[in-house]
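Student: Residues per chain are reported as follows:
4 protein chains.
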Amino acid sequence: MTQPNNYPLAPELETCAWFNTEQPLLLGALQGKIIALFAFQMLCPGCVSHSLPQASALQKLYPTTQLQVIGLHTVFEHHQIMTIEALQVFIAEYALRFAIAVDQPSTIESQPLTMTKYQLQGTPSIVLIDKQGRVRLKHFGHIHDLQLGIIIGRLLAEPNN
Amino acid sequence: MTQPNNYPLAPELETCAWFNTEQPLLLGALQGKIIALFAFQMLCPGCVSHSLPQASALQKLYPTTQLQVIGLHTVFEHHQIMTIEALQVFIAEYALRFAIAVDQPSTIESQPLTMTKYQLQGTPSIVLIDKQGRVRLKHFGHIHDLQLGIIIGRLLAEPNN
Amino acid sequence: MTQPNNYPLAPELETCAWFNTEQPLLLGALQGKIIALFAFQMLCPGCVSHSLPQASALQKLYPTTQLQVIGLHTVFEHHQIMTIEALQVFIAEYALRFAIAVDQPSTIESQPLTMTKYQLQGTPSIVLIDKQGRVRLKHFGHIHDLQLGIIIGRLLAEPNN
Amino acid sequence: MTQPNNYPLAPELETCAWFNTEQPLLLGALQGKIIALFAFQMLCPGCVSHSLPQASALQKLYPTTQLQVIGLHTVFEHHQIMTIEALQVFIAEYALRFAIAVDQPSTIESQPLTMTKYQLQGTPSIVLIDKQGRVRLKHFGHIHDLQLGIIIGRLLAEPNN
Numbered sequence: 001m002t003q004p005n006n007y008p009l010a011p012e013l014e015t016c017a018w019f020n021t022e023q024p025l026l027l028g029a030l031q032g033k034i035i036a037l038f039a040f041q042m043l044c045p046g047c048v049s050h051s052l053p054q055a056s057a058l059q060k061l062y063p064t065t066q067l068q069v070i071g072l073h074t075v076f077e078h079h080q081i082m083t084i085e086a087l088q089v090f091i092a093e094y095a096l097r098f099a100i101a102v103d104q105p106s107t108i109e110s111q112p113l114t115m116t117k118y119q120l121q122g123t124p125s126i127v128l129i130d131k132q133g134r135v136r137l138k139h140f141g142h143i144h145d146l147q148l149g150i151i152i153g154r155l156l157a158e159p160n161n
Numbered sequence: 001m002t003q004p005n006n007y008p009l010a011p012e013l014e015t016c017a018w019f020n021t022e023q024p025l026l027l028g029a030l031q032g033k034i035i036a037l038f039a040f041q042m043l044c045p046g047c048v049s050h051s052l053p054q055a056s057a058l059q060k061l062y063p064t065t066q067l068q069v070i071g072l073h074t075v076f077e078h079h080q081i082m083t084i085e086a087l088q089v090f091i092a093e094y095a096l097r098f099a100i101a102v103d104q105p106s107t108i109e110s111q112p113l114t115m116t117k118y119q120l121q122g123t124p125s126i127v128l129i130d131k132q133g134r135v136r137l138k139h140f141g142h143i144h145d146l147q148l149g150i151i152i153g154r155l156l157a158e159p160n161n
Numbered sequence: 001m002t003q004p005n006n007y008p009l010a011p012e013l014e015t016c017a018w019f020n021t022e023q024p025l026l027l028g029a030l031q032g033k034i035i036a037l038f039a040f041q042m043l044c045p046g047c048v049s050h051s052l053p054q055a056s057a058l059q060k061l062y063p064t065t066q067l068q069v070i071g072l073h074t075v076f077e078h079h080q081i082m083t084i085e086a087l088q089v090f091i092a093e094y095a096l097r098f099a100i101a102v103d104q105p106s107t108i109e110s111q112p113l114t115m116t117k118y119q120l121q122g123t124p125s126i127v128l129i130d131k132q133g134r135v136r137l138k139h140f141g142h143i144h145d146l147q148l149g150i151i152i153g154r155l156l157a158e159p160n161n
Numbered sequence: 001m002t003q004p005n006n007y008p009l010a011p012e013l014e015t016c017a018w019f020n021t022e023q024p025l026l027l028g029a030l031q032g033k034i035i036a037l038f039a040f041q042m043l044c045p046g047c048v049s050h051s052l053p054q055a056s057a058l059q060k061l062y063p064t065t066q067l068q069v070i071g072l073h074t075v076f077e078h079h080q081i082m083t084i085e086a087l088q089v090f091i092a093e094y095a096l097r098f099a100i101a102v103d104q105p106s107t108i109e110s111q112p113l114t115m116t117k118y119q120l121q122g123t124p125s126i127v128l129i130d131k132q133g134r135v136r137l138k139h140f141g142h143i144h145d146l147q148l149g150i151i152i153g154r155l156l157a158e159p160n161n
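Residue numbers (this note's numbering), protein chains in the order written: chain A, 1 to 161; chain B, 1 to 161; chain C, 1 to 161; chain D, 1 to 161.
Any given hint could turn out to be false.
[To be verified] One-sided and incomplete, this derived list gives chain A residues near chain D with beta-carbon spacing under 10 Å:
no., residue
1, L58
2, D145
3, I151
4, I152
5, G153
6, L156
7, E158
By construction, these hints were calculated from the structure, which means they are not laboratory data.
None of the values given here were measured: they were computed from a predicted structure.
Built from N, CA and C at the ideal position, the CB exists for glycine as well.
Using the sequences and the accompanying hints, generate a full structural model.
Tutor: Now the structure itself:
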């Protein structure tokens, strides 16, 4: 973290639906906040047992004025099954309260657009974006609560510009 | 358990698909074995976190010569989403190995046929059937592993006829 | 379990103190009940995290008219530390409610007398004694709740004599 | 955290023994590092099941050049049982690897000296000390890993002076 100016800017999310938010969230409009983006699929066991509960806990711990938790449903397989309608039921049954976007499907490949833009390897993945809109962490697989917390704490401590 | 002759005979399952078995299982052909029937829905959080792992553990502990574990996908809501195709992916992703049947949908009501026949209240539910094909336990919600084990152990100890 | 007459009779416990019981429990006086004997040491992490919670759960599930849970503090190391006074505090802090005996120390070796009589390998160990006072299970290490339950259920189903 | 100059300086620990360190740790010599001080008693169930595993996880995640984890055995009850000898066995059995100090007993009251100096209410308690040796968090009871991580991350991000 010695040369923060070298961190890449987080590309805007490409989405086709949102849940738990009155309007779509634009990263550009969230500058000044830390964004914790949790990429998941509703039929990914590791997401269900570890990643989504972590996202929920994080959302409860911190006000959205400082930290914005966003779930991103990045369907890269079984598209006919993990539909927007199925996701809606999933969100209700699992009582997820944080903002959740559906990654825009590609017309030419199985990976959706945001997943490709961010070069995510699979689910669960977590992306942390700093106050200036730069990608500071991209992690595939689960990450320990303590470790994630320490990284977020560091980012929260940074100046706004 | 003092008047076992009073226990109702378990009605045959009404099913429209099976997984993890070469052919559909008929209760009538399983006499002499204990049957542990786990009714679930793939979008039921309590089923995913407690009941299905319990069914898997039970299947691993006991050979099917004595105890037959059967999962029953009793879809009573969100039928358009919890389809047979979705269940197939779910079974693969969660690596479930025990025999799983799909409860036959009703043409007139949301509850499927077996669920109605057995008067199940919801998911998860567990039904234990003894060696003579009688319903000995019908439980809605999770049941402690020790408690379930003790009941199964008692049934295993009964004579075959 | 085909030749139950071959199972060895459980030798009487050799104890020097009891907790959570008005008077010492004699195996001979418990005939007709299943006895679940949990050998432990208060400074054994596996006992604290798995075995003692299992004993507590078992005690809560079944009335002592049918099943008697007994903890046995089998100190075979660090005798100066795992004293009766320390055990008393441990039982209070961990809110253990089942009957607990202290295995009688040997005057000539580190293993206490009951541990030697039962040829226990270490802690945690569980011993199941049937209604006729015979040892039916002796297991070193943790045992899955379902598996333990099934064995106990089988023993509960046996006739009293 | 707007007026950091108002945070009280962490008083030096009063100790009578140390484990897992070649020499006693002086807070004064740790300036520039974050110190996570976990006050515990070996017969405190909440410490054993939550707080000490958290301390171990924290120690593994961060090098001691930036973050120093210290366990503090603050015996305020049952002094005859939770002796230094008993603690030594406890540390070995639970495989604790981080530095652990024994809080110096008082000659006049049950609370040991450091516990009194820091006005700790009981165990488990956690105290976080910043790079300049000031107390920034004092928490009685367990604290969520994410929450603890975020606070530590903020402290790690502060300048050394």
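Student: The structure should be examined with respect to each hint, and the outcome stated for every one.
Tutor: Status of the hints after comparison with the structure:
1. L58: Holds - the Cβ of L58(A) comes within 10 Å of chain D, reaching about 6 Å at its closest.
2. D145: holds, 4 Å
3. I151: holds, 6 Å
4. I152: This hint holds: I152(A) lies near chain D, its Cβ roughly 5 Å from the closest one there, short of 10 Å.
5. G153: This interface hint holds because 2 Å falls under the 10 Å limit.
6. L156: At about 6 Å, which falls below the 10 Å cut-off, the nearest Cβ of chain D leaves the hint on L156(A) intact, so it holds.
7. E158: holds, 7 Å
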